Amino acid sequence: MAAATDDAGDSNEMIRVVSSDGEHFEMPEAAANLSLVLRHMIEDDCADAAGIPLAVVAAKPLAKIVDYCTKHAAKSSGLTIEEAEELKRFDAEFIEVDTDMLYDLLVAADFMGVEGLSKLAVQRTADLIKGKTPEQNRETFGIVNDFTPEEEEEICKENEWAFQITKPPSRLC
Amino acid sequence: MGNNIICQRKPQDHIHVKQIDENARPGARLEDLPQDLVYKILSKLPPNEAAKTSGLSSKWRCIWSKCPRLCFDGLAMFKCESGDGLAMVLPRLMVLFKNTMEKWLKNFIPDLILTAYQLIILIIGLSFPCHLRRRI
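First to last, the sequence lines map onto chains A and B.
Taking our numbering, the leading residue of the first sequence gets 1, the next gets one more, and so forth.
Taking our numbering, the leading residue of the second sequence gets 1, the next gets one more, and so forth.
Chain A on its own, in the form it takes in the complex (with noise of 0.2 Å):
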């Protein structure tokens, strides 16, 4: 699979990372240069048998990150209009995750400087968010609500242009 990246010669190396609770993960050097972090790593001649140590990143998101960057490594060039469908469609089903793996995804993407799984988890959070109650974003997003009825009012008059257009004013707060 790594072989079909333009890094020629050593591609095929594997590149070994360490979760911060000590699980241990291989991939290819091709699927780790896609992390701006581990790339900088290797570059500096960091990576050895005993693995990149990456303090912040737990296990779960990590085997969710090696998965990710070993597809996209794979299918990094000259995608044909169906390769870059099916990645598509791998995306959106990576993406299918409950929101404590998706905050998990989004620091752990954002620390690695995995570009494409940054944007992607961002946007997946932002969709959850999208043409939802205030109501329902606090029980997706676990949200206490600490308004009193009169500061809730005032939020909305003083928002007013933002909640008036999904919702009839009489049901705004």
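Bear in mind the hints are in silico, worked out from the structure with no lab data behind them.
Among the clues, some could well be false.
Distance condition first, Cα-Cα at most 25 Å in a straight line; then the derived SDA-like pairs of lysine to any residue [what the hints assert, rightly or not]:
#, chain 1, residue 1, chain 2, residue 2
1, B, Lys44, A, Asp91
2, B, Lys59, A, Glu160
3, A, Lys60, A, Phe141
Values in this document were obtained by computation on a predicted structure and should not be read as measured data.
Using the hints provided, position chain B relative to the given structure of chain A.
Relative to chain A, chain B alone:
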């Protein structure tokens, strides 16, 4: 996914790990994400959706207004249909501008008068002893 795991954690690590995990995320929530990520998420939303997050909780009240990506959507802000065009938007924009200016001037002019008054007092205060000194 499982294929990539090549060895499991050791038992001693386990206790240590639990502590890290619990410290790192005591019930992670959206607002606990790093600020730049929250801003990134908000910048992906249309302006009215971003502004609607102000109604979630007191923590969220002002977050949207700090989002670094400014998007000025006259159609959304002035409750116009896209067919209304500029002719509908402009008068409303002018009213908003006028109101904002009036508010600003109301606050600014008393401030200006006060500053001028203080300045005069200061000048008098500074010159008075000199004046006295000369007389004496």
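Verification of the hints:
Proposed proximity of Lys44 of chain B and Asp91 of chain A is supported: the alpha carbons are some 18 Å apart, at most 25 Å. About 19 Å separates the Cα atoms of Lys59 of chain B and Glu160 of chain A, which keeps this hinted pair within 25 Å; it holds. Our distance criterion of 25 Å between C-alpha atoms is met by Lys60 of chain A and Phe141 of chain A, whose separation comes to about 20 Å.
Checked against the numbered hints given earlier, this structure breaks none of them.
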